[in-house]
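Line by line, the protein sequences are chains X and H.
In our numbering, each number is its position in the first sequence, counted from 1, plus 877.
In our numbering, each number is its position in the second sequence, counted from 1, plus 877.
Rather than coming from a laboratory, the hints here were simulated on the basis of the structure.
Any given hint could be a false lead.
[Unchecked claim] From the derived model, a few chain X residues whose C-beta atoms are all more than 10 Å from chain H:
| hint | residue |
| --- | --- |
| 1 | 1009 |
| 2 | 1068 |
| 3 | 1111 |
| 4 | 1202 |
| 5 | 1205 |
| 6 | 1309 |
| 7 | 1323 |
| 8 | 1501 |
| 9 | 1504 |
[To be verified] According to the in silico footprint, chain X covers these stretches of chain H (three or more CB under 8 Å from chain X):
| hint | stretch |
| --- | --- |
| 10 | 958–971 |
| 11 | 1088–1097 |
All values reported here derive from a predicted model rather than from experimental measurement.
Each residue gets a CB set at the ideal place from its N, CA and C atoms; glycine is no exception.
Number of protein chains: 2
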Amino acid sequence: MSGNTASSEVNKTAHEFDKTNLDSLLSRRFFFAPAFEIYGGVAGLYDYGPTGSALQANILDAWRKHYIIEEDMLELDTTIMTLSDVLKTSGHVDKFADWMVKDKVNGEIFRADHLVEAVLEARLKGDKEARGKKVEEKEETDEKKKKKKKNVKSEAVKLDDKVVEEFEYILAQIDNYTGPQLGELIKKWDIRSPANNELSEPVEFNLMFQSDIGPTGQIKGYLRPETAQGHFVNFARLLEFNNGKVPFASAQIGKSFRNEIAPRQGLLRVREFTMAEIEHYVDPLDKRHARFNEVRDVVLALLPKDVQQEGRTELTRMTVGDAVEKGIVDNETLGYFLGRTQLFLTKIGIDAARLRCRQHMANEMAHYAADCWDFEIQSSYGWIECVGCADRSAYDLTVHAAKTKQPLRVQQRLDQPRTVEKLDVQYDAKAFGIKFKKDAATIKSTLAESDKERLQCIKDEMDKDGKSLVKCADGKEYELTPDLVKINPITVTEHMREFTPNVIEPSFGIGRILYSLLEHSYWAREQDKARGVLSFPPLVAPIKVLIVAISNDPALTAVIHDISIKLRKLGIASRVDDSSASIGKKYARNDELGTPFGITVDFATAKNGTLTLRERDTTKQLIGSTEDVLKTVDQLVKGTIDWEGASKVLQEYSGVQDVE
Amino acid sequence: MSGNTASSEVNKTAHEFDKTNLDSLLSRRFFFAPAFEIYGGVAGLYDYGPTGSALQANILDAWRKHYIIEEDMLELDTTIMTLSDVLKTSGHVDKFADWMVKDKVNGEIFRADHLVEAVLEARLKGDKEARGKKVEEKEETDEKKKKKKKNVKSEAVKLDDKVVEEFEYILAQIDNYTGPQLGELIKKWDIRSPANNELSEPVEFNLMFQSDIGPTGQIKGYLRPETAQGHFVNFARLLEFNNGKVPFASAQIGKSFRNEIAPRQGLLRVREFTMAEIEHYVDPLDKRHARFNEVRDVVLALLPKDVQQEGRTELTRMTVGDAVEKGIVDNETLGYFLGRTQLFLTKIGIDAARLRCRQHMANEMAHYAADCWDFEIQSSYGWIECVGCADRSAYDLTVHAAKTKQPLRVQQRLDQPRTVEKLDVQYDAKAFGIKFKKDAATIKSTLAESDKERLQCIKDEMDKDGKSLVKCADGKEYELTPDLVKINPITVTEHMREFTPNVIEPSFGIGRILYSLLEHSYWAREQDKARGVLSFPPLVAPIKVLIVAISNDPALTAVIHDISIKLRKLGIASRVDDSSASIGKKYARNDELGTPFGITVDFATAKNGTLTLRERDTTKQLIGSTEDVLKTVDQLVKGTIDWEGASKVLQEYSGVQDVE
């Protein structure tokens, strides 16, 4: 890519990363801004301006091509407003919650775990100060925690050695405490609000936005917290669309919502966000992937769970092929998506050196998940989860099928018929009906859905005791006796196999990726700390080409508008800057917008038909005929040549000073 | 376009439009389905499947290119969750409501106006039957009303002539009644629920979904009912991004929500929908458009308000240029967007013969709007509003500016400085301060914001009565006297002009356009009513090319996968059908998916390297080398040649029967 080639020639690390400068640039160039800013805004809600929207659209377009088009995934667009029953089944109504505590005096609300963490860290810091030690910020989570504890001040107070040890133990497993346990910690260690007031007991707060559907008040709905459930409830239709075969994948890009208790950290923790999710359905007995070879040699920076359990954080660089072979990554399909995701993130401009794959530890992982890896990206907020790649097993499809009585299963013709030992249930229809009346159907369906082990158990009880108490789907128990029901082993030849597919889910937080990309792309010119540049790859740059004239001469203005039309025909997003600013200022503005190329029209254009072409990072310029320059720009934007390639077609040029 | 050229050779009207067949096709091919269908669904919420999603994505892509890219609009992505204050200012909290009535016995809820309309129409129909007249369905709204009144049965009961007249009068202005007026009609005419029960008084129901933001319960939010307010609250940033100049436009594609009382009519009245909205900001004194000439000759089918007021519905075909010149359309910018929208809708496949531009009548239009035209598309539901083009005047920016005290105005340097007569307010600072104390600032700011007329009025009162009672921003009245305040005429030279721009808003309901397109594209083969075809233009077809082999021979399967990879490289969405179905069945399935082209691999392919190319509508086939066929497909999909053009490059072919 031209950006990368060119960037090797400039010093992008002349100045330390300056978040204040970046924030100012992002606001000034309207990448994003607090929503309803003129009304004072609301924490956790942001609007994307023209630059942010275009950057997001380009990231999503690249995502769609990289995943959906490349792999013929079935795209969906399901509703955000979700019936409460669906999210009850998925577990979100009961479990998608955080614990909050309230300042008993001023009513301020905090996330309990974040507050405990911030206070204990402040005390540890104060202890170090009191002991005269240098306070080393832990590299990993430094900025992230600074944010969290911004109102919690540390005082230089020495702690007992035992207390230090206990605080460190608590912090190491802060994510594992239940609400009541957090309440005990708060009491035991007299943890108070930043205003030094007492705190309430932790209370659970569901993170879904709730609303009523329709005017009756009878139908509850939630804004979806993920797009995934919209895939699962449509599984039967998707399977049919795919001619009944697995593996296949569905994909969806859309907004999801989490009503965070106290969102901070800018775009990284918001209440409304764009997700891109893939649900890849596989045979649980065969998680190989047909295109695994294509990613076998992709190198990942792995942080496996056993390393973390030893309290270490060093990364193991390893190919996807090796990781799967050694059993570090559970299966080929999961490995395939890890490899593809590494390729995607680096393609759009994420710095590979600040990207790692962290495996979930046993206590972090949902109980149903077989394996889960997060792509974490390092920014000034620390290492942040941006993509989760989980093997969700058959959990979601199973619970929805059980709840709705719909068969969310795959039927597969067996190459070889197979013989199976089963237990067959026979009823004395008349006697059974007389005894159980309207409950008969419930009992029958319960037995029909029981597995072999359970039937064997009932049979054994009846054989032994002459009866068996069976708890049925209606929650009641019924007494079965051998005169009513006979359970006998039979041998069946099966031509079909039926199974619930497992789901491998790569789930992308687009806003987090976008923000990380902004930090990774930002640097400042060596000669001036305030002259920021955003070095986006052409693939995702909001605008690909800046078009400027050397002066406001009407003849030149006509030319730049003509070039603008020509670029539009080539499908290249360009922007004419015909403001009264100096050309240096225009270039500086261009660099802040991350526009990789600039076409300058000068008086030679009118005379010789030449244009100059500027590369953003190096500020180097080339000159050539209008036709050659436009053709070169087209190739540069498509990525078929880089700046070095462009230099072979066009001449070097040094006629215009790139300063104000 | 190839589709259109080819279609002239086939008889698409051999069978009457059959909605049942179309509905079955749309469900079977998963264009869309009720959301959470396996949970029983909820009225007004639909999920788009792979075909519907792709069709929608292609329509949106065409929209983005036609409007945003072509006109350098500033794209936005603002939040769906909206602070209640914003929607209070815009008027939605108070006024965005429908009137509902409840069946007093079974609790069923109805939209009051829809129920009154359905009952009166049923009675008029019954009257006609009783009089032995043929019941002519009004062409225009026939199907639409059938849906509305589906539970309201008509009985052959003769009505008094006067009653007939009054019913017709009520129906003609059914949209104009307030809730209490609807209540009176219900009492006066003993209108009952379909179950023949009494109805409650009409109650207002706000159509916005409400929720709480954050855990405190203090911050109310609504899901936006339109994307427009997200543009307006960002106006200051957008203007700055555009270097302070108008005209310019912002654009946004996104989900909006309306909590309909009783949604019916499939995709046409839903609770969650995708909108695409443009807010074009213009100088109120200059609503010309720089590119007006480009649409001057576009012909619109107009239904102006004066024609409707006379109870007529015939359309006037007229160019945009004439419509603006004759003052039928208010201004050039509005006319420009009408022309552009006509071009857009027909480009994506909407039948121009079923498209009209209906002007809002005075009583339909928001009080602040200068002019408003709806693009209505005719389908089996009648004429449905799909795009609204409104001149919203300066209303929105003015009310947000007033509420937030933020200047949402444009400052424009005047070419010629101008001299203005103003009224200058001078205070006796000390005496004023002593008299009004802490209220002094409020009074001063009220006067500072008063216009010339108001100041003149205060001055006149003081001159005449020696005092003036002035109501200030705090709602209180203060007595001003000439010893404290002097108001005198002065002459000022102004170099800048300041104004609030007017907003021209084209607003697109994407789901309604998509559904209309499905109806306009649907027809059935002459030889078999059940063999449906969706004749999408290649531009929006979900899949552009079907790839099939004449048999399941592994050699041929390898070839079709190779072609699939080649098409992907060309950026063309294709679908391999390697199922075990017959080739006739594959073609039929392809036609139902609306895929315009099919590539068939047969044994000649292996031998001679030839492929055949099938056109969906005519089922005609051409044959040529792999290279020629792929090149031709590329051109067909891009629209640079049509089928006739393709026939000049490739040979005619009639080797494969296009039936099962």
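The hints, checked one at a time:
no. : hint      : result
1   : 1009      : 41 Å, holds
2   : 1068      : 19 Å, holds
3   : 1111      : 6 Å, violated
4   : 1202      : 27 Å, holds
5   : 1205      : 32 Å, holds
6   : 1309      : 31 Å, holds
7   : 1323      : 21 Å, holds
8   : 1501      : 26 Å, holds
9   : 1504      : 21 Å, holds
10  : 958–971   : holds (count 5)
11  : 1088–1097 : holds (count 7)
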